[in-house]
Amino acid sequence: MSYLNIFMSKDRIIFVTKEDHEAPSNAELIEDDPNDPYEDHGLILPNGDINWNCPCLGGMASGPCGQQFKDAFSCFHYSKEEVKGSDCVENFRSMQECMQKYPELYPQEDDNDSAPSGGADNAPSDSVPTSSPESTPATTENPAAS
Amino acid sequence: MFKCKAVWNKLAPLVRASSTLCLQNARKSVLRHGRRLEMVQKAQMSSGPAGGGGENTLYYVLVGATCLGTGVYAYRTVSGDKERYNERMIDLVNRPKQGPRAAEAVTEVVAGSKEEPVEEPTLTEAPVEEPLVTEAVVEFTESKPVTEPLVEASIPEPIVETLVTESVVEASVPESIIEVSVTEPVAEAPAVTQSEEPLASVVESETKPTPVIIAAHVPEASPVSESAAVSEPAPAAEPVESTAAHSDVPEHAPYLLIGGGTASFAAARSIRARDPGARVLIVTEESELPYMRPPLSKELWFSDDPKATETLRFKQWNGKERSIYFQPPSFYISPTDLAKVENGGVAVLTGRKVVHMDVRENKVKLSDGAEISYEKCLIATGGVPRNLQVIDRAGEEVMKRTTLFRKIEDFRSLEKISREVKSITIIGGGFLGSELACALGRRSTDLGLEVIQMFPEKGNMGKVLPEYLSNWTTEKVRKEGVNIIMDAVVKNVSYKNDKLEIKLKDGRLIETDHVVAAVGLEPSVELAKSAGLEVDSDFGGYRVNAELQARSNIWVAGDAACFYDIKLGRRRVEHHDHAVVSGRLAGENMTGASKPYWHQSMFWSDLGPDVGYEAIGIVDSSLPTVGVFAKATAKDTPKAATEQSGTGIRSESETEAVAVTLKAETTAPPPPVQQKEDYGKGVVFYLRDNVVVGIVLWNVFNRMPIARKIIKDGEQHADLNEVAKLFNIHED
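Just so you know, the sequences run in chain order A and B.
Counted from 1, the first sequence has number 34 at position 34 by full-length UniProt numbering; the numbering is strictly sequential.
Counted from 1, the second sequence has number 570 at position 570 by full-length UniProt numbering; the numbering is strictly sequential.
Next comes chain B alone, as it looks inside the complex (with noise of 0.2 Å):
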């Protein structure tokens, strides 16, 4: 009431103001809202809890027989599940040994509680899938009814003994979802071991024919059977074959690397450091170990060696000799010891693919049906190399006179065709086209070889290089003997009188024995429906985090990943360094590290003992640039470089960062060099907004670490002479 007054002495003046019509209108609904607030305080008052009498005793009475309907069910549903479980048990005694398909698995149930993530270790349900029959009866305080053949349940308290231990002591690891199953008649259970993981202990029990009984704790006798055994799901057929055919084939592995190339490879590396006792399975559908590319189209072909091409070893300037594998076969073990060996360590499973990823149930699949669980997963799957179209629609006969260069087997066929044809075209300038256009090139006086090269720019690495360095590169390669043909479109390919004929969309026809199309590379994403990965659509590859992660517990690196580079922006990057660097912070970030892309990788190229340069960051010729040059001298050329620094490779004098510090040669001064060409040796910065995010040391060596400093601080420099006489470049 008092509030009507209120109101109404507001309004008061208001109303004054205006008309007479206003006035008898205010009025109006002003006593209109005062009785509707009268109104509304009496139905608040009727609402009291006086009610009629009746009606409570109807509720007492609907609530009561309530209960007592509960009171029975839950009665009923357990003395039901009892008796059963007695006769289960009877059963499963009596029953004899039987076949796959009449096996009954028996599943146990892992706590698995929602509310608690770190403690206990989600569970699964039954993998059992026709046909075998499951039947886990589980009851807790929540009296379900079974479910067959899903169950789950949330246990209080942890079944302890053949449990599946918790992996997640590390907050690292938010769910570790093993799936545990036993098949009953399969006489094949897989190695009980006791892996010391940190990360994931689990404890394996014999698996016997007659499932082991653990009694929960809980009194109720609720039929919780398990043997846990810590494999692998047993794939959906016959489970005796099945083992059989991939006997070889871990069912398990704490850290799974999809793809045995350089990233790989650099994580698996990262893993065995940081993690002790890991034990890591690399899964690759190459016959090979792992091994580095830049020397299949670089130093392999430079090699005096005969024998290099079966060895694979090759001799540098300084003498030095190494593998392009990684490592020698006896660093790895075999996968099927991979979980015995007592410090863990890394298995190579060659000549399989994974097919399908089940990110669910965390396992993969591969091509010849065998399924393998992880906890933790890289992908790094690379790429396969791009075909022109016109050569892919051309016929087989053309194909069959076509290289893709990627793979060991590509470089052995190609150097054996090299022995063998009398005129080879590359099509492609960048840098796979240029470096091989170079290695043929000078062989070609030796051989006889007639070497093309054909792209669509106007020079060697028009898409990286400014032009002027561009139209310098072309000519260098020009020297080692390739015949350059610029401005060309292939517009048709075709097999005719023994020979191959390239015709170009001006009209040029071009007649080669053999082609090999450097053309760019498609990243390997075909596991992203599986595995519910997103596709990046501008660059390709899988999309992932600046922390390299797709989605929990999958990290993919290398060339098939599509990452945030914090300081660069989103990019994708195909150079060896970049894998290395990619792999090796995977494999941090697989092992407890939530690092950044941050250490920026860098790239090189050898045109040949005398063009080289190393670049850093986004090194796009459609930037703008700026160069800063100085004459060189004859001490100025890859071959110097390296024998200055005293390391085999010149990438390795960047990658492995050997811990020798360079010491100065005294050797006799060389003889003074007139170069006739303008960029002797210099620096290239690549602007984007004024800011440098890529820089080409050009026939100038050893100063990454400025380079990297520079794009990493992602300055706006006034005058960019300045930074570059942090370089050094009249130097050594």
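Okay, chain A solo, but in the shape it has when bound (with noise of 0.2 Å):
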């Protein structure tokens, strides 16, 4: 059962129970525009190209190998391969010889193509072609739409 508490007339305060919320909410929300030039987008832009200036990324296109990194990435995502990104082995073995000499920004772990973490800036722990970015930033983007 759910009260309402005249509190003050300014502050209105409802109190509500998990039966109270059960039925779904009649609020109406406004459809989102999927090509909004405003909007921040996730790692995959409207046009299918990829964002680098994804904050998912952290700082991997950004840093001292990001030239390489973005090589390897956008291979691996325009690799029409049946192995995808097989054909971009040569971009990711310079990404990687990049990163050993930066062991403080990139921290070699055993998975070898994992982002940094810990010292450096929060990226996605597990490697970040293997991810799926696409999915992700679309249900934190518009969690109201599903």
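Treat each hint with caution, since some may be false.
[Said to hold, decoys possible] Output of the computed footprint for chain A on chain B, the stretches with three or more beta carbons under 8 Å from beta carbons of chain A:
1. 286-295
2. 725-732
[Claimed, not checked] Partner residues aside, some chain B positions facing chain A, computed with beta carbon under 10 Å:
3. ARG272
4. GLY507
5. SER621
6. THR625
FYI, nobody ran anything at the bench for these hints, they're computed from the structure.
Ideal Cβ placement from N, Cα and C applies to all residues, glycine included.
Reassemble the complex: the two chains are provided individually, in unrelated frames, and hints are given to aid placement.
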């Protein structure tokens, strides 16, 4: 049972139980425009390009090995091979070489492809290509649209 | 004549209808008009081409004479110039190397056609001031006499070769004023580098003792001598000495970021992500690399590591450790390498303050006299803590025992003091004051420290939270061991018997050893005057538009920016996430996007492990509010939130938007906790004209996207309980 508590004229307080909130909401939300130029996008832009400025990448695209990272990831993204990215070995290799020069920034873990964690900024703990970046930003951006 | 008749006809009925006098008058006036018309006609007729014959001759003579005179003058000037040019060339070849005073600078002129802003760079005048003597003789289609030292030419065709080639390939850069100067005897030629930024490709040539003469295409052998060196305007003082002193200061930075805090770093990252190979220079008066501020009043105090104060690293609930520095030193390149390194990078110049900004010349001057030119500039100077007037005036002994908390050194100093004194008083009941009070309160029992917090409001966060939540918060802070004094207006602070005595307006006296003043932030707008930037009178800070731009090529982000928020109106926000969002946006706009402030930033506060909330938008307790609450379980605490989302700091799960799907943890259900408080968890809506402009998520986490959406919509919702349902406050 919920009850209204007219505490003060300015601040209203409503207490609700779980049952009160069981029925789905009838509040109307405006449909989001997926092509809204103002919106921040997830990892993949509406036109299919990679959003290098995505916070999810941490500092990967902007650090000293940023160029190598961009090359490798772009190659992977646009790769049409059966095993996606199999034609990008060279790029990934040079990226790794670069990253080995900055162990502080890109600590070498067991999973060699993993992004830096801990000392550097917080990037995804599992390797970027294998995570599902597209879905996550979508869910975080448009939870109500589901 | 016909017209006359028509008029007359029209008037006739009118005339008839009126009296005789009127009639006579009318007639008279009509006749007069008629006569005038006739006269006009005659006049027109008389002004025909058939003027007097004598006048014509005179006319022709005059015109002829003028032409002749012009021709003679032009010839004289050209030949005079030619002579002078030849003399000068001889002079230059013969002149030996001399000291700076006698140096002669030869400047060249960069193509700058006024009508085509895009094609050629706009040029600058010879930056040579005394003691350098400038001479540039330019002549082109319009023969201008040589003006010294200022020379401007509109050149039809660009001067090729060692010319500053255009940056304006992308229309994003309307003008790049690149000053070019060569001081003859100065051996320190700025590094000859080939930089390849798309935005500003500056081709430099070796600076030689004798200027390189590049004959322009113009046939007249016009003495356009130039050596282009991309650099920076030599400071007015003796060039040799100054270059030695400022040897670590680059003379030019395509992207110059003033201030080395959160907004600046976010912008640097954004620029580097969007502009491959960008060269970014951060100039900060602090001696530290960019770091984040929130842990200084939260996590660092709760850390178990005794070395945390030194290393500034802290372990979070889930064991994940990080430093408050955004990046370790190896991320950055040295300022001297900035122009040379192949793929560009971010360089940080510490311990230097920008004291003067010359917007016309696109350059800034540092506290040590060095000058840096830029193409795009971001001002992210943040602010300095405000002090109470009574403390300011109270004398040195009081000031010595007062902390204005903002930087790393303030944290370290306060941490040390907390171990040494017996009593600390915090003045201020807002975010910083309350967080520090909680942090110190937790240590109070271990250290035998008395912690007092005083503020003029009725409860902690009194200006932010509605009264019932503010009261609840105050209770929590009390439980952390803080002695709270409300309705406290400080009248006087004095130093007596080795203690500080605080006298309140209502007469109460509080004795303490040390004071922390957390009474607000004064935005740093010292550059407004020299740069000609507007300062906002309502909110303080630099006034910028929705795209965070103050003037062409100048953006402002972070605490110092008073910006136009399309949804919520003009405001200035002093929160960490806003610094990140606005810094990132400014970086995007500096690299060509034209996006307004749209992604609403959020903020949060953790007053200890049990009280936590996130908020977004305008959260002002003077607005009417509607709060929807449920009962809280033990799962609804900040600690639980970090464990569940698997991220380090709760702040990161929001701001860094890690691309990791949140996994539901299969932990054993917690034992049922009886919470006495009614406001365990819920949502509070702040309304302005019935539209939700602010939301506080009270002990409800990871729902920020929904809150952001509601504010973005800006709709008038009839029933806010329905809106509250969207948050699923009963779930985890």
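Comparing the hints with the structure gives:
Taking a C-beta to C-beta cut-off of 8 Å, the stretch 286-295 of chain B contributes 0 residues in contact with chain A, too few for the three needed, and the coverage statement is violated. Figure legend: the stretch 725-732 of chain B, annotated as covered by chain A; annotation consistent (5 residues with Cβ-Cβ distances under 8 Å, at least 3 required). Checking ARG272 (chain B) against chain A by beta carbon gives a least distance of about 4 Å; that is within 10 Å, so the hint holds. A cut of 10 Å between beta carbons decides the hint on GLY507 (chain B): the least distance to chain A is about 30 Å, and the hint is violated.
Proximity of SER621 (chain B) to chain A holds as hinted, the smallest CB-CB distance being about 9 Å (cut-off 10 Å). Given hint, THR625 (chain B) at the interface with chain A, holds; its Cβ is 5 Å from that chain's nearest Cβ, closer than 10 Å.
Taken one by one, the earlier hints fail for this structure at numbers 1 and 4, listed in ascending order.
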